[in-house]
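Participant: Now for the letters of each chain:
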Amino acid sequence: MTTLLQVKNVTKSFGSVIANNDISFEVAAGEIVALLGENGAGKSTLVKSVFGLVRPDQGEIFIDGNQMAPGDTAAVIASGVGMVHQHFKLVPVMSVTENIILGDEPKNGLFVNIKKAEQKVRELSEKFGLEVDPTANIEDLPVGTQQRVEILKALSKDVRLLIFDEPTAVLTPQETDELILVIKNLARLGVGVIVITHKLREVMALADRVVVLRDGKVVGTTTPKETNEAGLAQLMVGRSVVLEVEKGVAKPGKPVLTVKGLEVFDDRNLLAVKGVNLEVRSGEIFGIAGVEGNGQRELVEAICGMRLRAKGEVLVSGAATKDMHPHAVHEAGVSHIPEDREKHGLVSSYSISDNLILNQFDQAPFARGWFRNMIEIRKNADLLVKKFDIRTTSPAALASSLSGGNKQKVVIARELSQDLQVLIAAQPTRGVDVGSIEFIHKQLIAARDNGAGVLLVSAELDEIISLSDRIAVMSAGKIVAIIDSKGADRDYIGRLMAGLDK
Amino acid sequence: MLRLQAVGEVIKMMTSALRSRKSLYFYVVVIAIAFAYSVNSVSTVAVAASSITFGLPLAMAAMVGIMCERTGVVNIGIEGTLLTSAFFGFFVAALSQNLIWGLLAAIASGAVTGLLLALLTVSWKMDQIIAGTIVNILATGLTSFFYKQGYSLPAIFPRWSIPGLSDIPFLGRVFFQSGPITYFGLILIFVLYVAMYHTAWGLRTRAIGEYPSSAETSGISVKKFKYINVVIAGAFGGLTGAYLALELVGSFDRGFSAGKGFTALAIMIFGRWNPIGALLAAIFFGFAQALANQLMIDGLVAIPGPFINMLPYVLTIVVLAFSAGKVRGPAAAGQPYEREQA
Numbered sequence: 001m002t003t004l005l006q007v008k009n010v011t012k013s014f015g016s017v018i019a020n021n022d023i024s025f026e027v028a029a030g031e032i033v034a035l036l037g038e039n040g041a042g043k044s045t046l047v048k049s050v051f052g053l054v055r056p057d058q059g060e061i062f063i064d065g066n067q068m069a070p071g072d073t074a075a076v077i078a079s080g081v082g083m084v085h086q087h088f089k090l091v092p093v094m095s096v097t098e099n100i101i102l103g104d105e106p107k108n109g110l111f112v113n114i115k116k117a118e119q120k121v122r123e124l125s126e127k128f129g130l131e132v133d134p135t136a137n138i139e140d141l142p143v144g145t146q147q148r149v150e151i152l153k154a155l156s157k158d159v160r161l162l163i164f165d166e167p168t169a170v171l172t173p174q175e176t177d178e179l180i181l182v183i184k185n186l187a188r189l190g191v192g193v194i195v196i197t198h199k200l201r202e203v204m205a206l207a208d209r210v211v212v213l214r215d216g217k218v219v220g221t222t223t224p225k226e227t228n229e230a231g232l233a234q235l236m237v238g239r240s241v242v243l244e245v246e247k248g249v250a251k252p253g254k255p256v257l258t259v260k261g262l263e264v265f266d267d268r269n270l271l272a273v274k275g276v277n278l279e280v281r282s283g284e285i286f287g288i289a290g291v292e293g294n295g296q297r298e299l300v301e302a303i304c305g306m307r308l309r310a311k312g313e314v315l316v317s318g319a320a321t322k323d324m325h326p327h328a329v330h331e332a333g334v335s336h337i338p339e340d341r342e343k344h345g346l347v348s349s350y351s352i353s354d355n356l357i358l359n360q361f362d363q364a365p366f367a368r369g370w371f372r373n374m375i376e377i378r379k380n381a382d383l384l385v386k387k388f389d390i391r392t393t394s395p396a397a398l399a400s401s402l403s404g405g406n407k408q409k410v411v412i413a414r415e416l417s418q419d420l421q422v423l424i425a426a427q428p429t430r431g432v433d434v435g436s437i438e439f440i441h442k443q444l445i446a447a448r449d450n451g452a453g454v455l456l457v458s459a460e461l462d463e464i465i466s467l468s469d470r471i472a473v474m475s476a477g478k479i480v481a482i483i484d485s486k487g488a489d490r491d492y493i494g495r496l497m498a499g500l501d502k
Numbered sequence: 503m504l505r506l507q508a509v510g511e512v513i514k515m516m517t518s519a520l521r522s523r524k525s526l527y528f529y530v531v532v533i534a535i536a537f538a539y540s541v542n543s544v545s546t547v548a549v550a551a552s553s554i555t556f557g558l559p560l561a562m563a564a565m566v567g568i569m570c571e572r573t574g575v576v577n578i579g580i581e582g583t584l585l586t587s588a589f590f591g592f593f594v595a596a597l598s599q600n601l602i603w604g605l606l607a608a609i610a611s612g613a614v615t616g617l618l619l620a621l622l623t624v625s626w627k628m629d630q631i632i633a634g635t636i637v638n639i640l641a642t643g644l645t646s647f648f649y650k651q652g653y654s655l656p657a658i659f660p661r662w663s664i665p666g667l668s669d670i671p672f673l674g675r676v677f678f679q680s681g682p683i684t685y686f687g688l689i690l691i692f693v694l695y696v697a698m699y700h701t702a703w704g705l706r707t708r709a710i711g712e713y714p715s716s717a718e719t720s721g722i723s724v725k726k727f728k729y730i731n732v733v734i735a736g737a738f739g740g741l742t743g744a745y746l747a748l749e750l751v752g753s754f755d756r757g758f759s760a761g762k763g764f765t766a767l768a769i770m771i772f773g774r775w776n777p778i779g780a781l782l783a784a785i786f787f788g789f790a791q792a793l794a795n796q797l798m799i800d801g802l803v804a805i806p807g808p809f810i811n812m813l814p815y816v817l818t819i820v821v822l823a824f825s826a827g828k829v830r831g832p833a834a835a836g837q838p839y840e841r842e843q844a
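Heads up: the protein sequence lines correspond to chains S and D, in order.
Position one of the first sequence corresponds to residue 1 (the numbering used here), numbered consecutively onward.
Position one of the second sequence corresponds to residue 503 (the numbering used here), numbered consecutively onward.
Isolated chain S (complex conformation):
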């Protein structure tokens, strides 16, 4: 195998933070290398250095033995390196074809030859089995398809080394499986692949070699054959991580959240929740398993008063809650960790301390009459930052400066630090590193043990099985089964999720 990429002693710091510290690694043609590390371990910075989007302070990068000038993206692209970015670099209002040819447009004299370009896109998508309509606008496509376009865009430049930055962060389990096949197929065609991820299952399924980063350094290189998920996790976090969640026996009490005959429409005005009945008791975690898009989001939003309930009612401790009044639902004792933390969980342009009181800013002790009590707000922030291990330079820093895991900790700290009877956690560990996942799981169990009823919605089946006391399986807007989590069979639940076993 020929060496495609050589990274030698790359160091890069942002201010006082060293993102990459003397990193070296290699990738050969046809090889899949996983760069594994927690959020903030320096994975993204490293590949951006390779791609020329970031200028490293020190170190050298060779492609095919040729040294690359730092920060010269065009030269890197010209030597056959492509990148599939975590946040897709696609212009939403332009067509698939226009996005793919951007920067390397086929021309007809002075003009762009769009017909020829569309033909080229069609050929590419056939060659690699990535089906997409070349004339569709990006904003009309689902996320999985957008990623396909992003991959095609990279492949259109005749790549020999393809970098995937957290490719599965936004994908459903099905789309993830498809992507793994696509990546393996690319490697078979001789393309060298770098996959940045913190998902251990994917690394095990995908990689030929694993390079583990921690605090900006390479802490180990291994292969999936030589190790297992627990071993990788330990390497990544630097201590042993409990992947199995330890929890005591649930002591369920009275029902705290009752949903009766709930029907809810989605954004396209289709019935997404079709008559759901459920009961969450205090002191238990009630998990909802299901493939994303089967009505879970609409169910949660309707319970929290964020979406109109077409039919049915939601009772908290026996009292009916007001429809379309998130604040009233919250007052009734419902805390909510929303699925989309950027949109519904935080105001990223506010400080951490303000985000920590976002739903209590007008209440004592954080407000005195018309004025905010900055001392109490600061005290509260100091306390919660410490208690919930939010890694930040200061509580006054903007929420946008935090990593995904720490943003989620801010949301959880806020929601758990008030009186609650019901906790609704929607995808609580999405886009969060392993260390934080462990912490978040512990917090959910602690909330349960303190007597809250926890409604957990997650697309990660393992998370549902290991945390829940009872599991409801949701499929096509209905709860198709409620089973005890003890001895729950993964395959059986999987079949229920797919709507096969009725």
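Hints are computed from structural coordinates only; laboratory data are not their basis.
Among these hints, one or two may not hold up.
[What the hints assert, rightly or not] Here are the simulated distance ranges between beta carbons:
| hint | chain 1 | residue 1 | chain 2 | residue 2 | range |
| --- | --- | --- | --- | --- | --- |
| 1 | D | Leu-797 | S | Glu-139 | 39 to 49 Å |
| 2 | D | Val-820 | S | Gly-15 | 45 to 55 Å |
| 3 | S | Ser-349 | D | Arg-661 | 54 to 64 Å |
| 4 | S | Phe-62 | D | Lys-828 | 31 to 41 Å |
| 5 | D | Asp-629 | S | Gly-15 | 38 to 48 Å |
| 6 | S | Gly-15 | D | Met-628 | 18 to 28 Å |
| 7 | S | Asp-140 | D | Ala-804 | 52 to 62 Å |
| 8 | S | Lys-379 | D | Met-628 | 34 to 44 Å |
| 9 | D | Asp-629 | S | Ala-397 | 39 to 49 Å |
| 10 | D | Arg-830 | S | Asp-267 | 12 to 22 Å |
[As the list claims (entries may be wrong)] In silico SDA-like cross-links for lysine to any residue, where the CA-CA straight-line distance does not exceed 25 Å:
| hint | chain 1 | residue 1 | chain 2 | residue 2 |
| --- | --- | --- | --- | --- |
| 11 | D | Lys-828 | S | Lys-322 |
| 12 | D | Lys-828 | S | Asn-137 |
| 13 | D | Lys-725 | S | Pro-70 |
| 14 | S | Lys-184 | S | His-87 |
| 15 | S | Lys-322 | S | Thr-258 |
| 16 | S | Lys-116 | D | Gly-704 |
| 17 | S | Lys-311 | S | Glu-279 |
| 18 | D | Lys-725 | S | His-87 |
| 19 | D | Lys-627 | S | Ser-349 |
| 20 | S | Lys-107 | D | Ser-723 |
| 21 | D | Lys-828 | S | Asp-140 |
| 22 | S | Lys-343 | D | Gln-837 |
| 23 | D | Lys-627 | S | Leu-141 |
| 24 | S | Lys-225 | S | Arg-201 |
| 25 | S | Lys-107 | D | Tyr-699 |
| 26 | S | Lys-115 | D | Asn-776 |
| 27 | S | Lys-116 | D | Ala-697 |
| 28 | D | Lys-726 | S | Asp-72 |
| 29 | S | Lys-116 | D | Thr-701 |
[Claimed, not checked] Computed, partial: chain D to chain S, Cβ under 10 Å:
| hint | residue |
| --- | --- |
| 30 | Lys-514 |
| 31 | Val-696 |
| 32 | Ala-697 |
| 33 | Glu-712 |
| 34 | Tyr-713 |
None of the values given here were measured: they were computed from a predicted structure.
Just so it is clear, CB atoms sit at the ideal spot from N, CA and C, and this is done for glycine as well.
Position chain D relative to chain S; hints supplied.
Facilitator: Frame of chain S; chain D shown alone:
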């Protein structure tokens, strides 16, 4: 057989064009003009010709805004560009007694205001509204301070009648008996339209205005593109200033551009950041002004002069009020681009 097929194709195309809503507007306008022309040909020709005369500087100034915003730079300094270039155009032409020198000075000074805006917003990443305001204040202050009375141009740019075409009834008088900058400006607007939607430059420009890191990751230098486009836009603004000072009016005064740079921004929005759309919007503005003038001249309505002069500003407010929230501009306009966050 083949010929029959071709005829069939043409008929199909024409019927489908006839059915589309856009062409309906076109027919309504043509019929209205034909009707007006049959009733009163002199006034109709005058109104139509004035619509172009009043509308053209607005359309050209709107191109400045379109080119800048399509590359992600909000340019509220168009007014300053017009004022500066009209000032230099007039005084260089007056002092050298040569219109061509004036034209070149106007274009160059317009480009310099573009360069200033690019420096402030692209290199120094200043807030774009504040940067545009700086351009405007500088232009107002400097042109007022250095303004001297008592200069005059040797002439203004003469009208060129295009042989043959200028003899066509109605169209000839409206389109083919204009000054050189008018022809040039109109051609440039169409060139800009084609360039924006059918060349690599246009594709890249639009990508930068929507989502700059998509362009950067495709190996395009966002900074370079922004500089080039903002400076070219400034030069275009300079041409507009030259049109005002050297072809349309033939003089210069303090505050000469009279808010045209701001009206141009409304036209840019009205025309949905599309050069042809903006041209049509500008002609509509010009038509409103021309119609009011004509009605007054003909003595058909007794609107006091100040109200006629208010018309462009009132129209601007009305247009913006009706299009607000309905149209969507380039997504990244107004945001400074930070490369390391790419």
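Participant: Hint by hint, which ones does the structure fall short of?
Facilitator: 4, 5, 9, 11, 23 and 30
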